[in-house]
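Novice: Chain by chain, the residues run as shown.
Protein chains: 2
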Amino acid sequence: MYSLKELQQIIETQLSKINLNAEPKELYEPVEYILSIGGKRLRPSLVLAAYNLFKDDVENAIFPALALEVFHNFTLLHDDIMDKADLRRNQQTVHKKWSENVAILSGDAMSIKAYELLANVPAEFLTEVLQSFNKTALQVCEGQQLDMNFENRLDVSVDEYIEMIRLKTSVLIAVSLKIGGIMGGASKNDVQKLYDFGLNLGLAFQLQDDYLDSYGDVKVFGKKIGGDILANKKTFLLIRALELSDSKNTDKLLSLIERNDIKDELKISQVLEIYNETNVASLLKEK
Amino acid sequence: MYSLKELQQIIETQLSKINLNAEPKELYEPVEYILSIGGKRLRPSLVLAAYNLFKDDVENAIFPALALEVFHNFTLLHDDIMDKADLRRNQQTVHKKWSENVAILSGDAMSIKAYELLANVPAEFLTEVLQSFNKTALQVCEGQQLDMNFENRLDVSVDEYIEMIRLKTSVLIAVSLKIGGIMGGASKNDVQKLYDFGLNLGLAFQLQDDYLDSYGDVKVFGKKIGGDILANKKTFLLIRALELSDSKNTDKLLSLIERNDIKDELKISQVLEIYNETNVASLLKEK
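Protein sequence lines, in the order shown, are assigned to chains A and B. If you're matching positions, the first sequence starts at 857 in this note's numbering and goes up one per residue. If you're matching positions, the second sequence starts at 857 in this note's numbering and goes up one per residue.
Chain A on its own, in the form it takes in the complex:
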């Protein structure tokens, strides 16, 4: 049984072997860049870990593992354009470093690269793996769309928020475990259990990510702290704070959300003050 650290090492090595030294360089350099600036390699590690529950030769599951990582980074690249984010993993985002057009097109190339990796799955598993992957990939788009829709709404419920992060984050983590299981020859029942476990892991992961966006350390988190607050993202923290505030704080929160003329740092500190008063961070940890 491999440790998570060993699996991450295998993935780093294999990721670096993907040939991106191709022309035109404007297309492939951004792909190499975003793949090289790190990340936890969570999804590919989960593919290999799930495979490793059933079989030892984890290198036989490396292609779908890499496909998941490349696809995930493609979604980050395009999300960063849509969210107008400047930083990703403490580095400039692709649309900032190059341009929006470069980010759109190299993202497109990256999503195709993911399928190129996936096409190496042995024929006996290919249809099932491809269909699971496609269904999930569409759900990820649906989740991102809901996330953007919620930015313009004030009445998002906790249930709607959970459904959004299920689509945006959890299903990709769940399908990573599922595909590892399929490739490892797991029973239908075990594959389903892996998927369900992944859904819950994904929800916990996203709640933690929301917490760190408001309360994390920029050096560790790698993104600007307070980004969600500035974008009026309807996270668990904001939704619960809106529900739990007294009428004075509710009015204050609503006016902070609507104002564009206030300095970033002031908006973040004032919203955090209300988060602290309503104690929503500890409610998140209980969730």
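Simulated from the structure, these hints should not be mistaken for lab results. Don't take every hint at face value.
One copy or two, either will do: identical chains are not told apart, so a pair holds if it fits within one copy or between any two.
[Unchecked claim] With a straight-line Cα cutoff of 30 Å, these simulated DSSO-like cross-link-like pairs (lysine-lysine) come out:
# : residue 1 : residue 2
1 : 896       : 991
2 : 991       : 873
3 : 1080      : 1143
4 : 1141      : 1075
5 : 873       : 1104
6 : 940       : 953
7 : 940       : 952
8 : 1141      : 911
9 : 940       : 881
Fit chain B to the known structure of chain A by using the hints.
Specialist: Only chain B this time, still in chain A's reference frame:
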């Protein structure tokens, strides 16, 4: 043997059956919109036509045919953002009608939809079809990147231009015929011949498209006439005009390319005047 018109009819019917009535509507409505505003359905017709050379039951090749059409429309959707185009098939482009973010994300969903259709290819052909499709899809991105790179260059040669349109346009037409052949059980040799024929057909098609962009009828062409001229696209017409003009006209062309302060209609008419003097339209027809 089906006529092209009959094949187009089959495709229209099957395209309209793709279920896009899903949530969130901001994601799926633009996909339905761009698929519904028409087009010649050239690529899927070629899949079925090539299949029909070997077998009669063309409905068995419908999924890869639809995948090619959906993928092609995805590339148009994203290209229109990058090219800042307002019109497509005489209708507003998606990023104009909705927003850039909607166009980015629904384009992404559309490319995944293409793979969802492709995943229905029988397992015996799936690996080969998927690999051909992926290779081609990446080449299409490379072609679009070259096309954008060329906008900022004045020294593009006819050979470079031909290589760009081979990637941007021809390979997708060629792979349509190839996939039809593979699905129809054609020999390796016949599949290669279909592909090579498609490459040449694609080049002719793109040269004709360039001609119509400058000399077409907007009602038939469905895009603004002169769009390539305004975007300083290095088409066959502009490259040859730069090569063949006398020094006075060369200077005039170069200054027209560099100027942003000139009215659109004036720029188009002055460039067309030089095209006419250098007779490049008839050179294109000879090509």
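Novice: Determine for every hint whether it applies to the structure shown.
Specialist: Outcome of the hint check:
1. 896 to 991: So residue 896 and residue 991 pass the 30 Å test inside a copy (24 Å) and across (29 Å) alike.
2. 991 to 873: both (28 Å within a copy, 18 Å between copies)
3. 1080 to 1143: Result: close within a single copy only, 24 Å intra versus 55 Å inter.
4. 1141 to 1075: within (22 Å within a copy, 61 Å between copies)
5. 873 to 1104: Close neither inside one copy (57 Å) nor across copies (52 Å); limit 30 Å.
6. 940 to 953: Answer is both: 13 Å inside a copy and 21 Å across each meet the 30 Å cutoff.
7. 940 to 952: both (9 Å within a copy, 19 Å between copies)
8. 1141 to 911: neither (35 Å within a copy, 62 Å between copies)
9. 940 to 881: both (24 Å within a copy, 23 Å between copies)
Hint violations for this structure: numbers 5, 8, all remaining hints satisfied.
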